[in-house]
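Enquirer: The sequence shown: position 116 = 116 (my numbering), numbered continuously.
Keep in mind that the hints were calculated from the coordinates and are not lab data.
Where a beta carbon is used, it is the ideal one built from N, C-alpha and C, also for glycine.
Some clues are possibly wrong.
What the hints assert, rightly or not - Across the chosen pairs, the derived CB separations fall in these ranges: (1) 37 / 135: 26 to 34 Å; (2) 119 / 42: 34 to 42 Å; (3) 128 / 152: 16 to 24 Å; (4) 128 / 83: 14 to 22 Å; (5) 105 / 35: 27 to 35 Å; (6) 45 / 130: 26 to 34 Å; (7) 158 / 35: 17 to 25 Å; (8) 118 / 95: 20 to 28 Å; (9) 136 / 33: 19 to 27 Å; (10) 33 / 156: 44 to 52 Å; (11) 37 / 140: 31 to 39 Å; (12) 39 / 93: 43 to 51 Å.
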Amino acid sequence: MSEHSTSPSSPDAEGQSPAGASPQTGQGAPQLSEEELALLNQMFDLAREGSTDQLRQALEAGVPVNLTNGKGDTLLNLAAYHEHEDTVAMLLEAGADTERVSDMGFTALICAVFRGNEAITRRLLEAGAGQDTGFQPARAVAQEFGRENVIPLLDEHA
Numbered sequence: 001m002s003e004h005s006t007s008p009s010s011p012d013a014e015g016q017s018p019a020g021a022s023p024q025t026g027q028g029a030p031q032l033s034e035e036e037l038a039l040l041n042q043m044f045d046l047a048r049e050g051s052t053d054q055l056r057q058a059l060e061a062g063v064p065v066n067l068t069n070g071k072g073d074t075l076l077n078l079a080a081y082h083e084h085e086d087t088v089a090m091l092l093e094a095g096a097d098t099e100r101v102s103d104m105g106f107t108a109l110i111c112a113v114f115r116g117n118e119a120i121t122r123r124l125l126e127a128g129a130g131q132d133t134g135f136q137p138a139r140a141v142a143q144e145f146g147r148e149n150v151i152p153l154l155d156e157h158a
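Given the sequences, and given the hints that come with them, work out the whole structure.
Expert: Right under this line is the structure:
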């Protein structure tokens, strides 16, 4: 991951961002209408924007906490990458899976470490996020991108 590489919120070569990607519905899932797809895609915007209350209401109404877009990004990955601690906390309380890996190899922990966000890194570690899940260990991400401030947290939970 480089400062200029694709992040969980970057548009791809076709200009599509996670909000424009189709949610993963799994094999055998029913076809969704355009309206249903738009609603699910809006969930990724809520996570990216840190709209915790709206996202909580959507989860309570039945949106899956581990909803994944066409790039493999989860709501938790996006909230962590965009540094929305309250949203991350709510998603963890709702049962979000900390071990989900995006198509680019990012986990929520890698996103938090890459951003150097100590509070979110701590929350994820306390929730059991694995440090070796993803495209490279969280410690290697911290070292590669100069996020020394999170290394003591990683060491505490090693």
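Enquirer: For each hint, tell me whether it holds in the structure or not.
Expert: Hint check results:
1. 37 / 135: 26 to 34 Å: Once the Cβ atoms are compared, 28 Å apart, the range 26 to 34 Å for residue 135 and residue 37 holds.
2. 119 / 42: 34 to 42 Å: violated, 26 Å
3. 128 / 152: 16 to 24 Å: Given a distance of about 19 Å, which is inside 16 to 24 Å, the answer is holds.
4. 128 / 83: 14 to 22 Å: Holds - the Cβ-Cβ distance for residue 128 and residue 83, about 21 Å, lies within 14 to 22 Å.
5. 105 / 35: 27 to 35 Å: Holds, at about 32 Å.
6. 45 / 130: 26 to 34 Å: Since the Cβ atoms of residue 45 and residue 130 sit about 28 Å apart, the hinted range of 26 to 34 Å holds.
7. 158 / 35: 17 to 25 Å: violated, 46 Å
8. 118 / 95: 20 to 28 Å: Holds, at about 24 Å.
9. 136 / 33: 19 to 27 Å: Once the Cβ atoms are compared, 39 Å apart, the range 19 to 27 Å for residue 33 and residue 136 is violated.
10. 33 / 156: 44 to 52 Å: Cβ of residue 33 to Cβ of residue 156: about 47 Å, so the range 44 to 52 Å holds.
11. 37 / 140: 31 to 39 Å: Distance hint for residue 37, residue 140 holds at roughly 36 Å.
12. 39 / 93: 43 to 51 Å: violated, 23 Å
The earlier numbered hints that this structure contradicts are 2, 7, 9 and 12.
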